[in-house]
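K.L.:
These protein sequence lines map, in sequence, to chains A and B. To convert, note that position 136 of the first sequence is 136 in the working numbering; the numbers rise steadily by one, no gaps. Just remember that the working numbering sits 704 ahead of the position in the second sequence, which is counted from 1.
It is possible that part of the hints are untrue.
Stated by the list, open to error - Derived contacts from chain B toward chain A, CB cut-off under 8 angstroms, selection only: (1) A1072; (2) N1153; (3) S1168; (4) L1227; (5) D1233; (6) T1239; (7) V1243; (8) Y1244; (9) D1248; (10) R1251.
To be verified - Residues from chain A that keep clear of chain B, each with C-beta distances beyond 10 angstroms, as calculated: (11) G109; (12) T177; (13) T205; (14) Q214; (15) D361; (16) A368; (17) N370; (18) T390; (19) G443; (20) G461; (21) L543; (22) A612; (23) D669.
What the hints assert, rightly or not - Derived lysine-lysine pairs resembling DSSO-like cross-links, with alpha carbons at most 30 angstroms apart: (24) K806(B) <-> K886(B); (25) K445(A) <-> K1089(B); (26) K367(A) <-> K385(A); (27) K1089(B) <-> K1071(B); (28) K806(B) <-> K827(B); (29) K1208(B) <-> K886(B); (30) K1149(B) <-> K504(A); (31) K445(A) <-> K935(B); (32) K1208(B) <-> K1071(B).
In case anyone wonders, no lab produced these hints; they're calculated from the structure. Owing to the predicted nature of the structure, the values given are computational and were not obtained by experimental measurement. Glycine residues also receive a C-beta, built at the ideal position from the N, C-alpha and C atoms.
Protein chains: 2
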Amino acid sequence: MIEYGNWHISASGYRAHAPQHLESLFCQSNGYIGSRAAFLQDGALPYERCTFMAGGFDYISPGITDIVNLPDLFHFTATVAESTPGQSGGHYTGFHQTLNLKNGLYTRGAVWTDEQGRETAIKISRFISMADKHLAALCIELTALNHESEAVLLLGLDAGVLNLPVHDDQTMVNHQTVQMLKDAGGKSGQGLCGLTAQSRTGRLTIDMRCRVTQSDGTQEDGSTADCPARKLTVRLKQNQTVRAEKLISVNGPDHPPPGDFTSWLEESGKAWALRWENADIEVEAEDPQLQAALRYNLFQLMQCRPFDDPNVSVGARGLTHARYKGCYFWDTELFIQPFFLYTNPAAARDLVRFRLNTLPDARENAKALNLEGARYPWMCAVGGKEQCHTWDIGRSEIHITADVAYAANEYLRVTGDNSLRDELSQLFVETARYWASRFSYDGIKDVYNLLFVKGPDEYCGVSSNNAYTVILARHNLQLALEAAENGYAVSPEEPAKWREIIEKSQVGYDAERELYIQDDDFLRLEPFDFGGRETDAPVYRTLDYDRLQRFRVLKQADLILLILLLPELFTESQKQAIWSFYEPTTLHDSSLSFGIHAWAAAVLGKRDKAMAYFNKSLFLDLENIMGNTGTEGIHAAALGASWQAAVFGFAGLSLGGTGVPSLSPRLPDGWSAMRFAFYANGKRYRAEMTRDGWSIREKGEEIL
Amino acid sequence: MIEYGNWHISASGYRAHAPQHLESLFCQSNGYIGSRAAFLQDGALPYERCTFMAGGFDYISPGITDIVNLPDLFHFTATVAESTPGQSGGHYTGFHQTLNLKNGLYTRGAVWTDEQGRETAIKISRFISMADKHLAALCIELTALNHESEAVLLLGLDAGVLNLPVHDDQTMVNHQTVQMLKDAGGKSGQGLCGLTAQSRTGRLTIDMRCRVTQSDGTQEDGSTADCPARKLTVRLKQNQTVRAEKLISVNGPDHPPPGDFTSWLEESGKAWALRWENADIEVEAEDPQLQAALRYNLFQLMQCRPFDDPNVSVGARGLTHARYKGCYFWDTELFIQPFFLYTNPAAARDLVRFRLNTLPDARENAKALNLEGARYPWMCAVGGKEQCHTWDIGRSEIHITADVAYAANEYLRVTGDNSLRDELSQLFVETARYWASRFSYDGIKDVYNLLFVKGPDEYCGVSSNNAYTVILARHNLQLALEAAENGYAVSPEEPAKWREIIEKSQVGYDAERELYIQDDDFLRLEPFDFGGRETDAPVYRTLDYDRLQRFRVLKQADLILLILLLPELFTESQKQAIWSFYEPTTLHDSSLSFGIHAWAAAVLGKRDKAMAYFNKSLFLDLENIMGNTGTEGIHAAALGASWQAAVFGFAGLSLGGTGVPSLSPRLPDGWSAMRFAFYANGKRYRAEMTRDGWSIREKGEEIL
């Protein structure tokens, strides 16, 4: 379905509007504004034309937020000789959409033939600027191929959009739209439109401006309620292209700055080029799709990055969909942040600062559950308050707090940036206090249990002593101990308590098999009939979670992720035992699973498995492998897992104990070379691997 | 606060409207219609004037019901010389409310003195007929004491009421009302009013009629939108009482039947007398309040009884409040049904038939969770579909299914009525199939575990092998085995499987202490600081359930209930061990706890504890011991637990293996005699205990 170029992806054929896979794939974003590729012209409904802003949340009920669907900045309609291309009474030929990965330009072109046989070539181009986060632009080109007719274009800013809040429970579907915009006021005049609107409770004020220009014809006011617009009327002459541009600014200056579509695109392209210089991974591979697919993953990762703003983070679907209400999860820290850590340390620093900035709310979360210290929320929108109110996940999937501490420490370890060390010491200590109050001391056995928790594998029930959570909590406690040793003031008895929990906390381990056990219930779960599955659809579509939790089956990587995060804690045979036991029982019904399995397989020498899983992760959205890229948006964590599989798995990049980078290349069959740049300890390196060997260079100097 | 007569309770003093304790206490019902004692005249808001109908549910969102607040049938307003008694500009003296427990008549009287010093005696009487379930009546008497003035009375049927849906989560408060009535149409003329309305989705049609009569003055139409009414104008003369009556029919005949307030009350009183003949418990005790309090409990139990309708059951708050959306719980089977089983077997039969009638939905519930057989819902409204959608309770508190089977078997055992035996065999077998699919076989240890369940004690977390649930599930399997042995057709392999689960299912047991353990996690929970509590309020008001579940603390009776349900399974020392271990760790933050502890204490010879717990249960609503009788209504299960404590605990009524009743009196100190009637095996008995001995007589013949 998707055609892969070296630096672009494209697709042919016109489809009626729907929450389509392609509308997600061609979503554009600069990390501040994101917009799905759904057009009014195609009949997209008010809740399908989606534009989101980083941190653009508002409340839909007390304490519960949704990400507000902003006015449609790419709003346009076109009619030629009273026929509306894309609607009934005619047909498209040669319909083709392309996303240029190098500069973020989306273009679509086709010939519209109306019922009278009039053929008109239509080309739409749009981008969101990577140079100035407030800017975006749209260009429409019309060419009458066999006729002369009047064309009418309407270009505006449309506040007539709606939210369709998505149910947290993946098995439920909501059909009830919500009006999240209010008090929309527009004006239009002299080639300019302006629109202001408030979000539901007034938390957000949205201010959009646009300048509309045209190569020919006349322009007048075409506003309707909620949609200030310019109406362009032009006489199309055969084989002469008429061009109209809309230059848009969102929450920016009073007037869109000077320039035109081409000059703005050029500026944005330069900004993209700088980003690509650090982020690109060049692969010489037999499979020609692989390079573009990999670049697509990197492209979307860069589109996710909050635009120099430490008060927002990355949603589980970036800005490509309102799934999960736009909330931030552990996906950011463990799946997405590593990419930025090595390719854009300033962006990683902002992600870490986001967690520092929300430490006060994390304290409130702990207090609300009658615990000490700071507890990071499973789902996070405004500030750091818990947005997930379910019992099994919101209260029980508590590893997020240790994940945040782990990722913060990775920032220190990889960047060597000590400017955040003091603040992070506070984070380590306050999260350690949370854990110290969350473990339950069992006086009979003199052990600490972590009761009623759920690990990363969400098909497990609420159990106890989930190994991933316990071991990462110990790591969190260890970070606090080190902070205290390095001078961070704690009360005298705290370090002893933390050490005692590290020593006496419980993880299941079968010494004979050298096997870590996922949780206290895992071995007594019922065997799952893997052969009996009738479809590839996630099993939660056919089995209720209540039933699922009693089967010995994993949704996603759990211990397999842990051995990658903390490899030094496991012997090679323990790692192999974990792989052999858990990999065959994992259904990968979470998008977080494939990339991690690819990475683990590469590290453990399972070459075929590594490549198979890598392909699943890499093409997860491109080929709609989960079946929900259209209805849920781009799976941001999978993008980051693909990067980790490539760089940590196939290239084997590691900083070791010394902070000096090294590679352990494990290139898949069919790959002849791999090259990428990365940062470590404040230095920029280039890594290169071929079949003959590998090198890491700093400023052209080979360092290893 | 409450004054206790032998056959009545009363209260003095006027209070402004609020969801008051007294509005619940004085609630009247015949089991078909129930109405809180909240009056428009006092300023009660549209969601405070509550009238409910048995089974009167409708949907507030897809799949979720609420119990519909019906039009206010006791609607009235009165003004005297343009002053409105109960409102500002005057004051009441001698305000006194009384509920006659013998005939269900509620009366209130007072003298209203307006700002000009005009004194008017006002008396309101109302009842809901126990003779004809469709009928109710209201009477207003006005006497000018020191003046002659014009009085205006408005008596109507008011559809201007609202629902205030109560959040399932006890810690959340809802302030958002919902309009559950629509298409209200009224008419008024010639002393009659009529009102029809539909519930929100049209599931219910409500048809109310009333006849309004008066001893003096004129009558005209006084209708407003939503409220057909008669307006009575009368000249009050000094010391002459004017009387107005409203004779109401709900979903009954076209016109209210002949008669007046007095004659209708007489009929209703006769029906009450018949009920009392079977239900009363006479106690000669030093505490004079005890007899009335006990009768109040019995009175409310009788008010709960569905009026000869096997398609509805008893809500956790009867018809006294919309708390829990009016839903039916295990409260019915284990707490309320025993009272009817022994005092009104036909009513018990209807309750059992309700579960039989909802077996098809119970099958659907099991199927929805990918299980076999039939699963009764934790919360039940329309049909038998699960109304509880929380993870920790709705999915996990599964003992309800075994409770239903247990209670059905109790019906057979106590009544000896075999006419339902075949249908109940089906219920036993289908619920056993549910259990057989719900247990998880552990092939390593060759045992069956009941994973991820919550027992009756709701402060425990979702754990495994809750002893109450496992042992009652075994009992359910045993009932199915007996049904199969008695000829109910099952597949050949089923009995063996059921036997295997009975044998190999797991319950924690400490042989040294002869102690059953509540669940797999109980012994490793953290000790709770019982001394550190600052208030008597339920601990869930200050500790989140997530924190609570890690403390070794019980909300309510769990194993202590089990030893009463299945006493033959436990030795005396095992029972004593259970009491000694669990009773001190129970907070009784559930209204289901006190009565059960009273019963257990009596059986185990703890005389002081028995009486202390009995008092808590008996006065639970009367003295507002839980603090929520006003905001949540009458706790129906506690009423039934009080009865069980008295009859099974203090009197020691038992049928033994032979079906012949016997007593083991354990009268509390200060009780000199106790007498009650009961049915067993189709015969009616009278039991009498004094300090000198005890007897059971059938038709005047002493049988033991």
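K.L.:
Mind listing which of the numbered hints don't hold for this structure, in increasing order?
P.N.:
Structure breaks hints 5, 6, 7, 8, 16, 17, 18, 19, 20, 21, 24, 25, 29, 31.
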